[in-house]
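There are 4 protein chains.
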Amino acid sequence: MSGIWKHNIGLSIFGESHGESVGITISGLKAGLLIDEAFIQSELDRRKPGQSDLTTPRKEADKFEIISGQFEGYTTGAPLTMIIRNTNKKSSDYNHLKNRLRPGHADFTAKEKYKGFTDYRGSGHFSGRITAGLVFAGAIAKSILKEQDIKIGAQIASIHQVEDDNLPSVINENHLDALSKSFPVLNMEKETMMRKAILDAKEDKNSVGGKIRCFALNVPVGLGNPFFESVESILSGLIFSVPATKALEFGAGVRFASMYGSESNDDIYFDEGIKTRTNNNGGINGGISNGMPIDFTVTIKPTPSIGKTQESVNLLTNESVDLSVEGRHDPCIVPRVLPVIESVLAITILDLMN
Amino acid sequence: MSGIWKHNIGLSIFGESHGESVGITISGLKAGLLIDEAFIQSELDRRKPGQSDLTTPRKEADKFEIISGQFEGYTTGAPLTMIIRNTNKKSSDYNHLKNRLRPGHADFTAKEKYKGFTDYRGSGHFSGRITAGLVFAGAIAKSILKEQDIKIGAQIASIHQVEDDNLPSVINENHLDALSKSFPVLNMEKETMMRKAILDAKEDKNSVGGKIRCFALNVPVGLGNPFFESVESILSGLIFSVPATKALEFGAGVRFASMYGSESNDDIYFDEGIKTRTNNNGGINGGISNGMPIDFTVTIKPTPSIGKTQESVNLLTNESVDLSVEGRHDPCIVPRVLPVIESVLAITILDLMN
Amino acid sequence: MSGIWKHNIGLSIFGESHGESVGITISGLKAGLLIDEAFIQSELDRRKPGQSDLTTPRKEADKFEIISGQFEGYTTGAPLTMIIRNTNKKSSDYNHLKNRLRPGHADFTAKEKYKGFTDYRGSGHFSGRITAGLVFAGAIAKSILKEQDIKIGAQIASIHQVEDDNLPSVINENHLDALSKSFPVLNMEKETMMRKAILDAKEDKNSVGGKIRCFALNVPVGLGNPFFESVESILSGLIFSVPATKALEFGAGVRFASMYGSESNDDIYFDEGIKTRTNNNGGINGGISNGMPIDFTVTIKPTPSIGKTQESVNLLTNESVDLSVEGRHDPCIVPRVLPVIESVLAITILDLMN
Amino acid sequence: MSGIWKHNIGLSIFGESHGESVGITISGLKAGLLIDEAFIQSELDRRKPGQSDLTTPRKEADKFEIISGQFEGYTTGAPLTMIIRNTNKKSSDYNHLKNRLRPGHADFTAKEKYKGFTDYRGSGHFSGRITAGLVFAGAIAKSILKEQDIKIGAQIASIHQVEDDNLPSVINENHLDALSKSFPVLNMEKETMMRKAILDAKEDKNSVGGKIRCFALNVPVGLGNPFFESVESILSGLIFSVPATKALEFGAGVRFASMYGSESNDDIYFDEGIKTRTNNNGGINGGISNGMPIDFTVTIKPTPSIGKTQESVNLLTNESVDLSVEGRHDPCIVPRVLPVIESVLAITILDLMN
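Residue numbers (my numbering), protein chains in the order written: chain A, 3 to 356; chain B, 3 to 356; chain C, 3 to 356; chain D, 3 to 356.
Since the hints were derived computationally from the structure, they do not count as laboratory data. Don't take each hint at face value.
Put simply, identical chains are the same to the list, so a pair is met inside one copy or across any two.
[Stated by the list, open to error] Pairs of lysine-lysine, PhoX-like flavour, derived with a Cα cap of 25 Å: (1) Lys-32 / Lys-8; (2) Lys-117 / Lys-148; (3) Lys-8 / Lys-100; (4) Lys-113 / Lys-277; (5) Lys-113 / Lys-100; (6) Lys-277 / Lys-148; (7) Lys-100 / Lys-192; (8) Lys-100 / Lys-277; (9) Lys-32 / Lys-148; (10) Lys-277 / Lys-117; (11) Lys-32 / Lys-113.
Can you make the complete structure from the sequences, with help from the hints?
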C-alpha cells in the first residue's frame, strides 16, 4: 500500500483504526507559519467520533501531538509530523469478523492482496479514521490560504432522500457564513428531516448516504494545467482517496449531460476582472482555475457496516453465511466526511499555489 | 503545463490542434509486444473527426507514425513515440478569436496563465485533438490486456435527454458484444433519437452533452491500494485529464446518496471464486479491484463552441461583446470521447498491473 | 523541505536532532514480513552515538517504536512508521550558535532559505541523526533481500591518510565475512592506524574524513533501466541524501579517467551464467545490473564541527568573528555513516526489485 | 525502460541510434521564451559526431525540428517536443554483433532484460546519441538562466594520463571565458598532449577516458533541500543518466577523504553578501546552494567499443569468443560528453528554481 502522495507538497499518512496510532507527515510547507493548535484541534473535533447520537458511540479524544517540524510554535520548513494515539479500542468487537467478508467493505480485497496479514480490527489501515491526518493537513492548509483570503466551505447537500435547498450556481461569502455551523444545511426544516433519516436508519440497524457540496472562494486565476495536472485531476485523485466517496461532480456535474451548450456555457462579463454569470464549470476551464469559486459535489455511500442481516461467505469453507455487523458504527458518515472533503480541497489549492 | 503522467508506466503527450503535430511517448512498456498497426489505426479512426454528419467536418487522416521504441514490428522496451502530422488546418477560422474569450473554453485561463503566448488556433494545446495520443496508448494497452482476457467496453448511456436502456448492475460479455459497434447503444430506437438530438442541436447552432458508461471485464483481484493509489484515484486523475469530462461516478454513483446500506452493499456469494450479487461498488472495495467488472460513468459537457450568440468580453477593452463561434465544431463530442475514455481505463489497468 | 522519496517504495523521513523525535514511514512494503526487532536494533546500534571514544559522547539509546503498519509481529502492507524519541538533549550547547555561521555547515543556507525559522539546535532537521530512519528502512530491506540471498557489506576503505588493503575488483562472500565486524577493515594494523588518526584529530580539536566501499552480492541481472532510472541514478540520489557524502564512484570510479578501454572493459566468460573477469563497471552496464556485485565507493568529508578556531561572520552585524564549535561532536563520522550507506544500497535494490 | 524524468520540470527522451529518430519532450517550461534556434543548433553541434579526427567518422547533421510547444517563435507553455531524424545509418556494421556481447557495453543486460527485443544497432536506445535531447533541453535551460546572469562552463580536466592545469577552488568569470572554446582546456600544451593521447589510442584500436569539471556561476542561494532533494541528489540522478559517467565528485570530491576538517571547511567572510574563502563544498551546504559556484567533476570511462581483441562469449553457445568491435567509434567520448554534462547542470538549476 502506498500512503504517500507527492506533488508540490507531500503527504505521508499512516496508522490503523485499532493500532497504536494514526498520523501524517507533511512535506514542502513553508517555514514561519504560526501553528494554531486550537484551530487544528477544532477541525479534528469536527471529524472525530462520539460527538452525538448521529455518530458511532466510540469515543476518541483525537488529541494530536506534533513530533517534528515545529520549533517555538512555528513551522520550520522541515517535514511536519503529527500523531494521534488511539485510546478507545474495543478490538474484541472484531474477533468474530476475522474470517468473514462484510459486504461493501474491503475485507475480501484486503485479504486477497495482503495474504491475510492485514490488521482486521476496525478495518485497520482501511478505516476512515486514517483521514484524521488529512484533516490535520487541511487545517494547516486553511491557515495558509486564509492569509490570502481564500476560504473553504461545504454544505450537506442531501442525506438519503432529503435534499437541502439548492445553493445558487455562483456561491458567495453569504452562503459560506450561512453554512458555518456543525451541521451545515441552509434550511432548518431539512436539517430536522435529515437528522430523523439518520436516526431512523440507526434504529433500523441500517445506514444512509448523502451528498456534500464543497467550494472555495477567492481562488486566484491560473492554478492547474491542461490534462494530467488539471485542477480536476489533482483534486479528484485526493477526493477518491477518501473512503466512501463514489461520485464527483464539478459545477453542474451530471446535469451537463442533458443541457444544451447555450445553457451550460458560462456567459462572460467584466466587473473588476473577468467573471461569469453562472458557474456551471465549477471555477475551472481547460483544467485551470478561472477565478470563480471552485465548486464540486461528492456522493458518499451509506456506511457499509450495518446490523441488518446480509448474505456473505465463510472465508474458510466458501459456504454462505448470514452476516450482521455488530460493533459501533456510524449510521451515516456524511457529516464526519465533510471536514475531510474541505481539507482535501484546501490541500489541493495550497499544493497548486506552491 | 505538464503533459507528463508518471506512475508505473509513463505518458508524455504533446501537440497542438493546428500546429505541426500531436503525439505521445509511452514509457515502461514491456519488450516483445507485437505492434498491431491495423488495430491501432482502427482505434484512432473511432476518435478522428469528419467521419459523419454528427461530427465536425474537419477531415484528418490521423495516420500515425512510430518514430522510436519499435524494432522489426515489436516493442523494444524503450520509450515508444508516435506522432500524427496535422494536415487539414484552417487556422484562418480562428484569427477573429485572438482577442475574444469563448464561454466554456479555456481562452481566458490560458491567456492569463501563459501571458498571451498560447497557440490559440483551434484551442492549441487545450484541444481535444491531443487525446489522439491517449487513444494510441489505449490501443497498445488493450492489446496487452487482451493477452490476459481483460476486455474493455463502453456504452453511450445518454445524449441530451435521451437515455439508452440501462445496463444491469453486473455487466457481462453479452453486453460487451452488444455494444461492439460504432455508435454503441443497446436500443436502436434510442439511437435514432440520440442522432436526431445531435442533428437538431447542430441545425440550431447549438450543442448537447451526454453520458458514457465504461467497463472492464475479467479484471484480476488486487489492483490498486487504499487511499492515494486507489483504483478510483488513479483512474479519476486520468479521466479528468480528458477535456469536457465534468463528472465521474463509480458503480451506482450519485444514486448511492439516496440508498440504504442494505440496498447499496453488494451481497457476497461463492461461485468459482468470490462474487457479488450486485456491483454497486463498480468492482472496487477499499480502493482495490475485487474481480467484478470495473464500472463507471462519465458525464461529458456540451461542446462549448456554438454558433449561437453568447455574452462575452473584448479582451483589449473589457467591453461586452456578442460572440458566436464560427468554424468547424462537433455538435456533440460524446461519440468521439468514448474511445478516449475506454483508452484511459485500459491504460489505468495496465499501469496497475505493472 | 521535502523528506519524501517516492519510487516503487516510498520513504518519508522526519525529525530534528534535539526536537521530540526522529522517524520514518516506509510505504509499499509487502505484507507478511516478520519484523525482526533484535536485528533492527542491532543495525540502529551500529549508527547510534556514544559507543566509543571515537564518536561523540552524546548518549542516545535510539530505541525505536513501531507505531503503524505491523500486526502480530508482521508487516501488514500498510505504511510502516517508526519513531525514536530523543532523550539526551543538551540544547543549551547550541544557544551561542544561534546567530553564527559554522563553516562547512548548513547554517547559512538554512537561515536564508527558511527565514530564520529552522531549529538550529544540533543542526535540527539537517542533522545526520535523521538518517536513523534510513537505517531502520535498511534493516527491513536487508531482511527481505536476505530471503533471496542478496547480501550487503561495506569496508572502511580509508580514514584520513590511512588506506585499508584493497579489496579485489571482484568481491565475494569471503570478503563479506572478513568485514563482518564493528570496525570493518581487512588489515588490523591499518585499523590501529585509523583509530589513532581519529583520536589524534580529536585531541587536536580537529576532524578527519574517509572513504567507504560498499557492495551487494548475488544481485539479480536486470535491475534498473537506461538513463533516468539507471541503478547509478537511483542509488546516487539516495547516497547524496546522506549528509557529509561528497563523492561517489562506481567500480573503478575515478581510475577510469586514466585507463585504456582495453583495461577498463570487463572481459566476459561463462561459468554457470555470464560473468566478467574484472568488475570495473561495478556490476552495472547501461544502467542495468549485470549480476556481478554492485560495488561503489563513497567519500565522506571531515565532520565540519571542530573546536579549532575558524573564520566566520556574525550574522547580525556581518562582522568577522573567530568561531570554534563547542559541544559534542564526532571527530570522524565515517564509521557511523557506514551502516547508512549499506542501508541506502539495500533500499535501492529492494526498490528496483519491486 | 523509463525515459521520463519528472520533478518541477519534466523530460521525456526517446529514440535509437539507428532507428528513425531521437528526441525529447520538455514539460513545465514557462511561456514566452524566445526560441533561439541558432544557439540551440550550436549546442547540438558541440555534441554531434564527425566533427574532427578525434571523434567517430559517422556524419550526422543533427538538425532538430520542433514539432510542438512553440508558436510564432516563442514557447507557449505547452510541452516542447523536438526530434532529430537519423540520416547516416550504417546498420549493417552491427549485424555481426547480434549474438555477441561487447565487454563494457549493455549488450548482456539489455538482452536479458528485454528478452532479445532491443534494437541492437549502434546500441539502440542505450546509445549516447539519445543525449542529443538533453543537449536541446540544456540549450533551452541555458537561455532561461542567462536572463538571470547564471552561466555554465566546463573544463576537460584530464584525458587519460594528461591533466590540464588546475582551476582554483573558487572559479570565476575569467575562467569561464578562458574555457569558452571547442576543446576547453587552460593549458595549450596540455591540449596538444591530450589530442595526441586520443589519436594514439585510436591508432592502437583502443580508447581512453577522462574527467570533466563543470560549474555554474551566479547561482542564487537557496536551491535544493536537505536529504532527498539536495542539489547533489537531483543533479547526480541526471549525471548518472548520461552513459559512460562512472564517478561524481562535488567540490574537493575524493580529496575530502584525506583532509582535516580545518582544511576542508570553507572559511566564511562578508563581501556584499556571505562568501567563502575556498569552495571545497562545491557551492552546496546541507543540500542547498550557498551562492558560491556549483562545482563538480565527472569521470568518463573509456569508450567500450574498441577494435582490440577482447574475451567474450557467444550468446547462442555460451562458448568463448575473441571479439573486436568494428564500426565507427569515438576513441574518446570526453569532448562530446562535455556539453551533455553542462546541459544536465543547466536543467537541474532551472528545475530547482521553478
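Broken hints, by number: Of the numbered hints given earlier, those the structure breaks are 3 and 7, listed in rising order.
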